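Protein sequence lines correspond, in order, to chains A and B. For what it's worth, numbering that gives the first Met the number 0 labels the leading residue of the first sequence as 0, then goes sequentially. For what it's worth, numbering that gives the first Met the number 0 labels the leading residue of the second sequence as 0, then goes sequentially.
Worth flagging that the hints you see were computed from the coordinates, not collected in a lab. Treat the hints loosely; a few may be bogus.
Quick look at which bits of chain A chain B covers, simulated, 3 or more residues with Cβ under 8 Å [what the hints assert, rightly or not]: (1) 105-119; (2) 214-226; (3) 418-424.
The calculated SDA-like cross-link candidates involving lysine to any residue, where the alpha carbons are at most 20 Å apart (straight line), are [stated by the list, open to error]: (4) A:LYS248 / A:GLU203; (5) B:LYS31 / A:MET231; (6) B:LYS31 / A:GLU75; (7) B:LYS111 / B:GLY89; (8) B:LYS31 / A:GLU427; (9) B:LYS31 / A:LYS248; (10) B:LYS86 / B:SER45.
Please read all numbers here as calculations on a predicted model, not as lab measurements. The C-beta atom is built at its ideal place from N, Cα and C for all residues, glycine as well.
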Amino acid sequence: MSVKAPKMAGLKSVAPKAAPLDMVARTGNEVMAEAMRQINPDVVAAYPITPATEVVQIFAGFVADGLVDTEFVTVESEHSAMSACIGASQAGGRVMTATSSQGLALMAEMVYIAAGLRLPIVMAEVNRALSAPINIHCDHSDTMLVRDAGWIQIFSENAQEAYDNMIQAVRIAEASAVRLPAMVTTDGFIISHGMEGVSLIPDEAVREFIGTFSPVYPLLDVDNPVTIGPIMFTDYYFESRRQVAEAMKNAHQVIADVGAEFGDRFGRRYGYLDAYRMEDAEVAVVALGSTAGTARAAVDAMRQKGIKAGSVKVRVYRPFPADMIRATLGHLKAVAVLDRSDALNNHAAPLCLDVTTALYSTGLGASRPSPPSERPRILNYVYGLGGRDIKPADIQKVFGDLEQAARGHAAFAPAPQNESPMYLGVRE
Amino acid sequence: MSDATQGASEKEGRLEPRHGWRDMPLGGVIPKAGSATEYETGDWRSIRPLHSKERCINCLLCWVYCPDAAIRLQDGKVEGIDYEHCKGCGICAKECPQKVHAIEMVPEGRIKEMEAGDRDVR
Chain A
0 MSVKAPKMAG
10 LKSVAPKAAP
20 LDMVARTGNE
30 VMAEAMRQIN
40 PDVVAAYPIT
50 PATEVVQIFA
60 GFVADGLVDT
70 EFVTVESEHS
80 AMSACIGASQ
90 AGGRVMTATS
100 SQGLALMAEM
110 VYIAAGLRLP
120 IVMAEVNRAL
130 SAPINIHCDH
140 SDTMLVRDAG
150 WIQIFSENAQ
160 EAYDNMIQAV
170 RIAEASAVRL
180 PAMVTTDGFI
190 ISHGMEGVSL
200 IPDEAVREFI
210 GTFSPVYPLL
220 DVDNPVTIGP
230 IMFTDYYFES
240 RRQVAEAMKN
250 AHQVIADVGA
260 EFGDRFGRRY
270 GYLDAYRMED
280 AEVAVVALGS
290 TAGTARAAVD
300 AMRQKGIKAG
310 SVKVRVYRPF
320 PADMIRATLG
330 HLKAVAVLDR
340 SDALNNHAAP
350 LCLDVTTALY
360 STGLGASRPS
370 PPSERPRILN
380 YVYGLGGRDI
390 KPADIQKVFG
400 DLEQAARGHA
410 AFAPAPQNES
420 PMYLGVRE
Chain B
0 MSDATQGASE
10 KEGRLEPRHG
20 WRDMPLGGVI
30 PKAGSATEYE
40 TGDWRSIRPL
50 HSKERCINCL
60 LCWVYCPDAA
70 IRLQDGKVEG
80 IDYEHCKGCG
90 ICAKECPQKV
100 HAIEMVPEGR
110 IKEMEAGDRD
120 VR
């Protein structure tokens with residue numbers, strides 16, 4: 000959604016009369032599998048892992064029932080799953096998979112290779128904590144592990160967004176200016192197993208929207224043999240990596256275009272950020288995923304108390320929308336970044352590092368930046384690790400800290416004193 | 000915004016050191032078949048196989064096992080070694096029958112000494 004259109008925050012009431020949409024009750028996993036059925040990829044290679052298992056389990060049912068043309072490869076590990084996806088994509092197929100947590104960690108080596116080889120594989124990733132201790136519930140540690148792998152990362156707030164994001168991810172990944180793999184994430188159990196009303200798009204409309212896949216160097220084109228994955232030393236490796244960076248830059252515009260076109264066709268517009276009550280906000284919280292909805296409830300509560308509160312959901316995490324973060328948050332008095340993962344670096348968690356750099360760096364395309372003293376004070380909270388609930392009251396407490404920070408500005412030090420990040424909801 | 004899927008080097012048919020990142024094919028692909036001969040891997044070598052025609056019985060085990068197709072044959076006999084592509088792995092010397100011992104692995108540093116002076120390898 001455009002940063003200028005905060006009204007679009009609630010996606011529930013936007014089914015236009017023209018489009019033949021029907022609302023059904025589905026879980027996040029069910030709609031991700033449904034999107035895969037409609038996309039009808041050539042190959043899916045996957046290994047089950049909680050809480051993403053259902054995505055490919057349901058999809059395997061579609062394969063068994065003959066509802067898709069997909070070759071479903073049951074592999075022996077996630078490393079093999081991504082390896083098979085890479086081979087199938089390089090062969091010339093449209094390829095998808097799904098995983099979570101330890102599965103993503105095990106496939107990490109191949110995740111980087113998929114991006115370096117520029118293969119537009121689309122993956123459903125259900126966010127779950129990483130061991131140890133072992134845990135099956137939501138946090139964002141798993142996708143942060145491959146934050147810098149060269150994959151597009153789109154976070155979903157609810158099942159509707161998970162469904163819509165899956166369909167858009169195919170177009171984004173396969174765009175000729177991009178050609179990068181993309182992962183669409185949902186919060187484990189909160190979205191993956193939570194049942195909601197979802198508007199589904201007719202099969203034909205999905206297929207028309209995504210179009211057909213045109214591989215660039217298909218290995219099955221035996222008349223034009225090529226070498227893939229050759230070694231590059233000091234001579235060409237750097238140039239090859241620079242190309243990946245450029246593709247991620249190009250994705251910035253493509254994601255906006257695809258989100259707008261999706262909105263024109265199906266009534267739900269998508270952009271980088273979802274800004275809620277930000278028009279006159281003085282303080283705001285920033286979050287990824289399902290917590291954005293909780294944050295909006297907290298914003299409403301704070302507004303009733305007369306506090307000029309707002310919230311920003313970051314939908315697209317990679318590429319990171321630094322310019323829009325700056326435009327949306329740069330003039331505020333204080334900003335709290337809520338991170339559902341910890342970088343364990345005695346400094347700041349991942350989303351906070353990105354937001355802070357966007358707001359304070361003058362080297363990232365900022366035109367005429369305001370002096371640092373006029374930019375917002377930033378508080379960083381790590382919350383919800385291993386699926387620990389976050390409630391509106393927790394975020395209201397954050398707004399209380401923000402109010403103090405806004406009033407005292409640089410003098411403000413939250414309790415416990417001078418700690419960054421702060422831990423929200425942990426037992427002391 | 001450019002199409003990321005084609006680089007200038009593809010139109011020219013060859014990637015050269017002067018080419019920048021915009022010119023390179025997508026994803027590091029080599030879009031031309033049979034191009035391995037153009038990649039001279041001989042300069043990776045630190046030990047050099049020296050082949051003795053006198054000792055060689057032309058069993059061709061070295062030719063079979065060489066991973067870089069660097070054993071040169073003529074009329075079914077070992078003619079010599081392609082030093083532009085031989086990486087010096089030593090597999091040929093290892094596979095050469097012990098009693099024949101027609102291939103000796105010699106450090107490149109010693110080769111330089113030999114070329115400069117007078118010393119016989121054996």
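Results of checking the hints against the structure:
no.	hint	in the structure
1	105-119	holds (count 4)
2	214-226	holds (count 6)
3	418-424	violated (count 0)
4	A:LYS248 / A:GLU203	violated (31 Å)
5	B:LYS31 / A:MET231	holds (16 Å)
6	B:LYS31 / A:GLU75	violated (34 Å)
7	B:LYS111 / B:GLY89	holds (19 Å)
8	B:LYS31 / A:GLU427	violated (63 Å)
9	B:LYS31 / A:LYS248	violated (28 Å)
10	B:LYS86 / B:SER45	holds (8 Å)
In summary, the numbered hints that this structure violates are 3, 4, 6, 8 and 9.
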